[in-house]
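Engineer: Guided by the hints, dock chain B onto chain A, whose structure is given.
Line by line, the protein sequences are chains A and B. Going by this note's numbering, the first sequence opens with residue 1, and the numbers climb by one from there. Going by this note's numbering, the second sequence opens with residue 1, and the numbers climb by one from there.
No lab work stands behind these hints: they were computed from the structure. Glycine included, C-beta positions come from ideal geometry on N, C-alpha and C. Hints are not guaranteed to be accurate.
Unchecked claim - Derived contacts from chain A toward chain B, CB cut-off under 7 Å, selection only:
hint, residue
1, 59
2, 136
3, 153
4, 154
5, 177
6, 179
7, 195
8, 198
9, 329
10, 344
11, 377
12, 424
13, 431
14, 432
Number of protein chains: 2
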Amino acid sequence: MRTLIADTPTHIGETVTIKGWVNSIRAHGQIAFTDIRDRSGTLQVVGDKKLASLNVEDVVEVIGQINARDEKYFNPKMITGKVEMAVTDVNILAVSQDMPFDIHQPDLNVTLPVLLDNRTLSFRHPKVKAIFKVQEVVIDSFRQALKAKDFMEFQSPSIIPSVPEGGAEVFKVDYFGHQTFLSQSPQLYKSLLVSAFERVFSVNKIFRAEPSVTTRHLTEVVSLDAEMGLIESWTEVRDMAEYVIKFVLDQVKEKCAAELALFNATIPTVPENIPSIKLRDAQQLIFERTGRDCQNEKDFSPDDEREICKWSMEKYGSELVFVSHFPTKSRPFYTYPDDETPEFNQGFDLIGRGVEWLTGGRRINDYQTIMDHVKQWGIDPASIDLYLQAFRYGMPPLGGFAFGAERITMQVLNLANIREASLFPRDMERVDKRLPKIEKKVKK
Amino acid sequence: MRTLIADTPTHIGETVTIKGWVNSIRAHGQIAFTDIRDRSGTLQVVGDKKLASLNVEDVVEVIGQINARDEKYFNPKMITGKVEMAVTDVNILAVSQDMPFDIHQPDLNVTLPVLLDNRTLSFRHPKVKAIFKVQEVVIDSFRQALKAKDFMEFQSPSIIPSVPEGGAEVFKVDYFGHQTFLSQSPQLYKSLLVSAFERVFSVNKIFRAEPSVTTRHLTEVVSLDAEMGLIESWTEVRDMAEYVIKFVLDQVKEKCAAELALFNATIPTVPENIPSIKLRDAQQLIFERTGRDCQNEKDFSPDDEREICKWSMEKYGSELVFVSHFPTKSRPFYTYPDDETPEFNQGFDLIGRGVEWLTGGRRINDYQTIMDHVKQWGIDPASIDLYLQAFRYGMPPLGGFAFGAERITMQVLNLANIREASLFPRDMERVDKRLPKIEKKVKK
Chain A
1 MRTLIADTPT HIGETVTIKG WVNSIRAHGQ IAFTDIRDRS GTLQVVGDKK LASLNVEDVV
61 EVIGQINARD EKYFNPKMIT GKVEMAVTDV NILAVSQDMP FDIHQPDLNV TLPVLLDNRT
121 LSFRHPKVKA IFKVQEVVID SFRQALKAKD FMEFQSPSII PSVPEGGAEV FKVDYFGHQT
181 FLSQSPQLYK SLLVSAFERV FSVNKIFRAE PSVTTRHLTE VVSLDAEMGL IESWTEVRDM
241 AEYVIKFVLD QVKEKCAAEL ALFNATIPTV PENIPSIKLR DAQQLIFERT GRDCQNEKDF
301 SPDDEREICK WSMEKYGSEL VFVSHFPTKS RPFYTYPDDE TPEFNQGFDL IGRGVEWLTG
361 GRRINDYQTI MDHVKQWGID PASIDLYLQA FRYGMPPLGG FAFGAERITM QVLNLANIRE
421 ASLFPRDMER VDKRLPKIEK KVKK
Chain B
1 MRTLIADTPT HIGETVTIKG WVNSIRAHGQ IAFTDIRDRS GTLQVVGDKK LASLNVEDVV
61 EVIGQINARD EKYFNPKMIT GKVEMAVTDV NILAVSQDMP FDIHQPDLNV TLPVLLDNRT
121 LSFRHPKVKA IFKVQEVVID SFRQALKAKD FMEFQSPSII PSVPEGGAEV FKVDYFGHQT
181 FLSQSPQLYK SLLVSAFERV FSVNKIFRAE PSVTTRHLTE VVSLDAEMGL IESWTEVRDM
241 AEYVIKFVLD QVKEKCAAEL ALFNATIPTV PENIPSIKLR DAQQLIFERT GRDCQNEKDF
301 SPDDEREICK WSMEKYGSEL VFVSHFPTKS RPFYTYPDDE TPEFNQGFDL IGRGVEWLTG
361 GRRINDYQTI MDHVKQWGID PASIDLYLQA FRYGMPPLGG FAFGAERITM QVLNLANIRE
421 ASLFPRDMER VDKRLPKIEK KVKK
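One chain only, chain A, in its complex shape:
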């Protein structure tokens, strides 16, 4: 019967069996020490020099007696730091080859390609594990926040029949001889579900065939999406996004203190209400503050994003800021034009620490208006059949928002590259392993 390593301090004086990986080996003449690691923690095992013949990362079953350590040997860094095991028997369950790099240093001092080429090894490093602990908490708390508000979780489809808004950045799937595509967003599905379920959310893969390699883009992303109906105004959607983001950050702070400490990271400072500003007002502020005239741009540049965050921090003590009311024609056909200034819409972004964290907005719910927009945006109505169907039979006022799990994880932990925040990052040059170079074709 196996004992979890974290439970060994409650077994002092008893002989127990532990299982795990050899985390380190230290030989001192006739005596050898090894730390054994399982999912719950690490324990120091003491034995004779035969112990030193193990390899690091061997998988072993170790039988021995749990003894209290002398107080002067307490190790406060280990949850088992007040005990150790005197080994009586070791069975090797799997032998490890020599490591290509040392995974037992406080930092993994390897380049990103080496880290990814050896993904199964880098996963074992505490700082890498910490990234995915944080990501799991982000996703779980997103789910928990929305369930508490009556949102139903749904599974959005990945294979879609058409790409209504043009398909330059979409992957094609051969579907029994038919041309289909991988979904870039659950947007249309989550909206049509509102017509029946009122409030829905999803945690789903989305796929973006952007032909660029940057520190912030992946081709396969975990998208956290929510959509709600019977809203009063766009601010109800923004307030829900605010609630969710604040809940997620609070949960990360509460549940991932050790992980944040490993990265010397803190969650963003946010006041009771996250400030909110219209794009044109923000652009005027930026002009006044910097002399840079961006007042006719349809969106922020990276410099603008950084500047508005500076302003938000100075004026409101907030590292996050909402920006709303983008030019109507610059956003998708379904975005709701503002009633008073219809050349601007009721879409919004959440900007944090100089980059976009989340995007959302109110959507058009009136059938005639959506049909007009479909026409103005040059979209073939047949390509969004199912979506339009929902509008014919009573679609309530609605809106929603979305953010990427990897992007948030990256921002919270201040990672240099989004690939670190994906277990199996895919980009133009890598699908698990690096893709072979292919000759450049001129495409359009």
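Structural biologist: Using the frame of chain A, we list chain B on its own:
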């Protein structure tokens, strides 16, 4: 300020605003009744005959006073059955066109193609909603069961670089000019993660290009996968699967009583321990019971599955039964051969109500053995680089299991067709809408 319909009984004597869909309209001379539906429930609204000019499924905002009903008009079928609203004002938020079929009958009496062609409408039917409530509970309780046992949730990739076991039934994705594929299973990823995280699970889309149209197959499926390391024997994996399935069924029973009742369905009867039998023993039993000789078959036929369930029910009072030890060569390369009878492996299926519910097994963890199997199964090691890498650096004894969310939902509710258990079912002939016929090509 909107009041949720379910909360209206706490507002007797007050004037409140509700929002929702017009569920029904009944005119009686000068008086008209309409039931308004939101996500929380349905409320009877009483007004003058103008109310009758609404369409069913219009979306409305209704303002009025909540009054107690006379006891003889209590409606025990509605959570608001002891109150009603005397309307003072109605604002139409969205107008509905006439329905192509009546969605307000106890059963949706339409064919499956009509139901799916009008998916955004069929979603509104209580029995359709009930299916997805059950599915949400299945998925949530799977997650809850495993989190309680220290499993980490991970997001498995969908785009994969190669198909090690042959690719007849796999979708191809054009990836920037490279040939990639859609994942048929998170199997290899969940196993390799065990080498670092010990216990993992995932809720992920898998894709199967099976060129057949049956009542039990979809091309896009929500797969519930778990994998665990440092196991003692294959029975530890089977016991974990048993715990998870029993937990899931208990949760469905507890949280979905109303939904089960709608379908006149009951969760399977299961004793303290689900019986478990080896394939060859089961085949011998079937021969003895029926005279049908299947004793050299490598798997069950549908008749065999039904017969072993009959036996399990008669002998153990269990509608579920584990079958294990399939011929080694009939299962994937990673399945662990039994130590005593290596021509049979330590894989298992869970059979329930005559069909397969879940599949699992112990996997090979020794590097040399897995390399031998890779060779014997004719697999190119380069196609599973990342997977094999994990075995070189200490892979513990491991195993796991998987089941489909739609399949379980279908079985629990006794649905006739798995398409009913998918929000947006995809098959050879449909991706949202029916695909156009294409000329038959002779393929291999």
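Engineer: Next step is simple, just say for each hint if it's right about the structure.
Structural biologist: Verification of the supplied hints:
1. 59: Where the cut-off is 7 Å and the nearest Cβ of chain B is about 5 Å from residue 59/A, the hint holds.
2. 136: 6 Å, holds
3. 153: OK, holds: residue 153/A within 7 Å of chain B, min 6 Å.
4. 154: This hint holds: residue 154/A lies near chain B, its Cβ roughly 6 Å from the closest one there, short of 7 Å.
5. 177: 5 Å, holds
6. 179: It is violated, given that the least Cβ distance between residue 179/A and chain B is near 10 Å, above 7 Å.
7. 195: 6 Å, holds
8. 198: Holds, because the Cβ-Cβ distance from residue 198/A to chain B comes to roughly 4 Å (cut-off 7 Å).
9. 329: 24 Å, violated
10. 344: 23 Å, violated
11. 377: 20 Å, violated
12. 424: With a closest approach of 4 Å, the residue 424/A hint holds.
13. 431: 4 Å, holds
14. 432: 5 Å, holds
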